[in-house]
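Protein chains in written order, with numbering that gives the first Met the number 0: chain R, 0 to 228; chain U, 0 to 205; chain S, 0 to 377; chain Y, 0 to 279.
Since the hints were derived computationally from the structure, they do not count as laboratory data.
It is possible that part of the hints are untrue.
[As the list claims (entries may be wrong)] For lysine-lysine, the following PhoX-like pairs were computed, each having C-alpha atoms within a straight-line distance of at most 20 angstroms:
hint, chain 1, residue 1, chain 2, residue 2
1, U, K73, Y, K150
2, R, K109, S, K222
3, S, K355, S, K138
4, U, K142, Y, K25
Remember, predicted model here, so these are calculated numbers, not experimental data.
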Amino acid sequence: MISLFFSALIYASLALCVLLSYRVAKVVNLSFGSIFTLGGYLSVFSLFITPIFGAWIGLLLHIGSKRMDTSKATIFSLGIAIAIEEALRILFRVENILLDSRIFYFFGYKLVFEHFLASMISATFLILFLAFELKKPFSRLKLKVIEEDIENAELYGIDAEKARAIVLVISSAFFCIIGGLYLSGRVISPTIGWLYMIFSLFIATIANVFREKAYILILPISFGICWLI
Amino acid sequence: MLEVVEVSKMFGRNVVLKNVTFSLKNGILGIYGANGSGKTTLLKIISGFEKPNCGRVFFNGREITNKAPQEIVKLGVAMAFQIPRVFWNLTVHENVLLAARETDYTAEICKELNLEDVLFKKAKEISQGKVKLLQLAMCFALKPKLALLDEPFASLDAENVEVVLGFLKKRGNEISMIITAHRTKILKTIASQMLEIRGGKIVGSS
Amino acid sequence: MIGKLKAGLIVGLIVFLLFCATPPQTPTPQPQMPEIKIGVLVPKTGEFSSAGLVMENAAKLAEKHAKEMGYNVKVIIYDCGDKPETTKTAFLSLVREGVTAIVGTYSSPQAMTAADTANESKVVFVASVASANLESKVKTGNKYIFRNAYNTSYWGILAVEFLEKTKAKSYYLIGYEPLKTFNLGMFSLIKNSTKAEFRGESWVKSPTVSPEDYKRVAQEVAKKDVEVIIVGDPGLGSVDFVREYRLAGGNATIYSVGGTLALPDILAKLNISGIAFQAAALEVKAKTNLTKKYFEDYRKYYGTEANNYAGILTYDAILIVTQAAAKGGDLISNLERGTFIGAAGVYEFDENHQAKWGSEKLQGTIGIYGEGRIQVVS
Amino acid sequence: MLVNIAIRILVLVLLILPAFLDCYTKLLAASALTLAIFTVSWLYLEKDSGWASLGHSIPFGVSAYLFAINPLLIFFSPLTTFLLFPLSIFGKHTFPFASFVFSVFLWYLAHHIVFEGKGGEEGFRAPSINLDLIYLISVTILVLSCLLIWKISNSYFGLKVKAVRDDEIAAKAIGINPLPFKVLGFAISCSLASIAGILHAAIFGHVSPSVFSPYFSLFPFVAATIGQGKIWSSILGSYTVVFLSWFLSPYVPEFHYAIYAVALILASYTQSYARSGRSV
């Protein structure tokens, strides 16, 4: 049950990233999967470089897909995704990589330390975002306006470009670091990230149905889905 | 021909139309009033794009209150939006043809509303004014018995206003119309009766 | 005069003797063996690319060793991707290269398609990994398919053997949904032929829909009181399952069908005791003189531990075809009649063109990892 | 203009030439053909109805399965429309990835399709037809479907479909009921995709869950992109992709995925797509 809750936390935050980049950055970021995998491979060297690479790819995405409509930007991200995957396949042409993991005791439960860390980071991410959602009405309004229509937002002097960049960079960095943590203790392959991306995409798609309440409901939804499937 | 009985409409809490009642035998009815006074909503309710909270609308004795827009159009009520709704990726000719269903009538209307020069341009490639004319052309290409024109003169230059006026006067004889505007000056020149609408209520008629 | 004649005679005699004494200067040339071209289908790209790499290495190694044995072999390696479609096209392009026979392919659908294509293009195909139901094809007159890999029932037989050897009282089955057909075949055989008590079975959903499902199963199984858990997933997921199962406090012995959980370096890194697994052969238990050679050279040339199923069987398949083809004449009848030495044992094919796994010369090995090293169970 | 003519001639050559070549080339050409039909069907949905589907492997794969299980079932294949159409409730922007996710889901489900003890991950043996015959059929169907689509999209009916694509409210305003035209747009496209799927199954004589894999769901998109969204050049596009990914892959394994990546990235920069430009 507890591990279920922890993974629900992780997927909720991943789904939140997907949702944000869909609503604010206007892109269904299919490259998250590969970024996740990349995180896993990078963690072989050091965990601390994962967010840097993630952010860098996020920036690349932003610059590459500036001023594109959703579908085109989505396609662009898919291209990036396959490119990263291929790069990994060519660079790490090894049979199997099993990432290290440490055991951690949590109220008598045995857990993988990295996974625990990942869920804690996700929890913080979620809380911070919700705080931003509820506490800062003006920034929230800004966000809403951008979600409604980028051009309008710019008419009202909101720097949508900046918001877009921030969202893409943060979400990619987040995916990358969670990948680094959550894949530890697993045998990884260049395609492994797709699973997590598609699953969080699934959660995001359902959450997206509840227009404004999506951000608040994303955790319960992810918990429900993790519990059902 | 058209009877609007006790029609009210609310968006959330704020009331847009309050017990609007009027009828139109034939000819041109001009509705004027400030922005947000409920003109557009009224036309949308008649043409079926909005459903009233209460009240009924009759056209030639048949109730059309909760009919789908496309059915109402088939009965002979056509609507021209203030913000044009046209098919942006189709040519002007195709746009009008879709409504008119016959080539020569299409050509005739385009000629009258001097759209001939942009006939084979895509709607998204022509100027705002021309799009406005196109919207009118599509509305009249349907050969309606009653045409609902929402701000037909807005965002038109003087020359095009003349074109439209001429066109409406000519058609006014066989087609009844409801025309809304926030400026009465032009309206008075063509309308046979006038209604003033303020805050969702009909406050005066002449 | 006579003296001259004598001298001449003597000289002539000496010359004659000398001539006779000198060995023939032109040695008779040895007959040059015709080149044997063998095509290998390897999933270099797509889902199975990690297995593909192993098979590719093994194939190159086989070529090398065959040459050392004096066979004139040429191995042509083509990528068959992860789809039956790509397999068929790759197969036909190998046929165009004029190969004697084609070995390899990874997944069952690939093997099935390759089998049909073999029949259409009249080229022998030796399935070296997949356990798809190929016998039925042979029965219905497709003489071109052979398989040196296990068939589904042998997977079951090995599992049963393990249960018998360890005198386990009870067992539990963990199926992997994407490999349902394969698992079901294996499970039914286990259920029918072991004395141990069946304590139920669970299925792990495909990670494509539910990446966390192995956790659910692991935790629910950990509660069960059972001695042996048989895991039907040879893939990466099995590692996750084992880790999660132990974390959840399960302490039963885990018997894996091999694959990822049979790789020495993975086991060492994972360092979880009580993981049993089957392998076509293990370094610690040499079957033939080739076994050690395979494992040592693999380590020498590729720097990693040799794969002991997909890799070794591809290696053997190539050697089998080489030996059969070298005899000359009809390849199919050679394969049907002959016996062939490989790293995993001595191969013979039955009437369904299936390698006789379970015969005393050709047996799978069961290893178990504990106290940081691999011991052989049987 | 000259380029267009060149492309058309090239396509015709590609259609006719392989019929006289060896079995391997013919197989490649035949698969390229079926995938070209697939691409054309996708292109119709994308251009005329304005729905860019990234899950077009759904009608493709389902009909292939139907054909493999029992050839008589192919008459149900047009019903695959109703697998894809309901996803249109997500709206044009969300539809691509909704359909993509759904196709992945079917990919998973396909592992569970077991019929008379056969199927599962091994898939089904489809009745394979003589290659020459199937090649002939494919060529005919490709030509016919191009004609059909050309005829439809220049007809008054086609005009209405485009109208609904551009603006449903405007369509209502001139008395067009959007729903039937939306459905028919999907139906035409899905039926063509189904035919492609059936031919594909017949060519390879085997259907496995991989017909739902992202490779096939993305194929028409990539092909159409290479072809700049024009029918003739998209046919050429699908030939190109098949050539790159199936003919070259034995020699340069990593190459064809790289091609995919490049094609997709370029795709996002090409402008030549239909899709309602100004939304009001």
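Pair hint outcome, U/K142 versus Y/K25 [Cα-Cα no greater than 20 angstroms]: violated, 57 angstroms
20 angstroms limit on alpha-carbon distance, applied to hinted pair U/K73 and Y/K150: Violated, at roughly 27 angstroms.
Distance restraint between S/K355 and S/K138, which requires alpha-carbon spacing of 20 angstroms or less: holds, 16 angstroms
Pair hint R/K109 and S/K222, alpha-carbon separation not exceeding 20 angstroms: holds, 15 angstroms
Checked against the numbered hints above, the structure breaks hints 1 and 4 and satisfies the rest.
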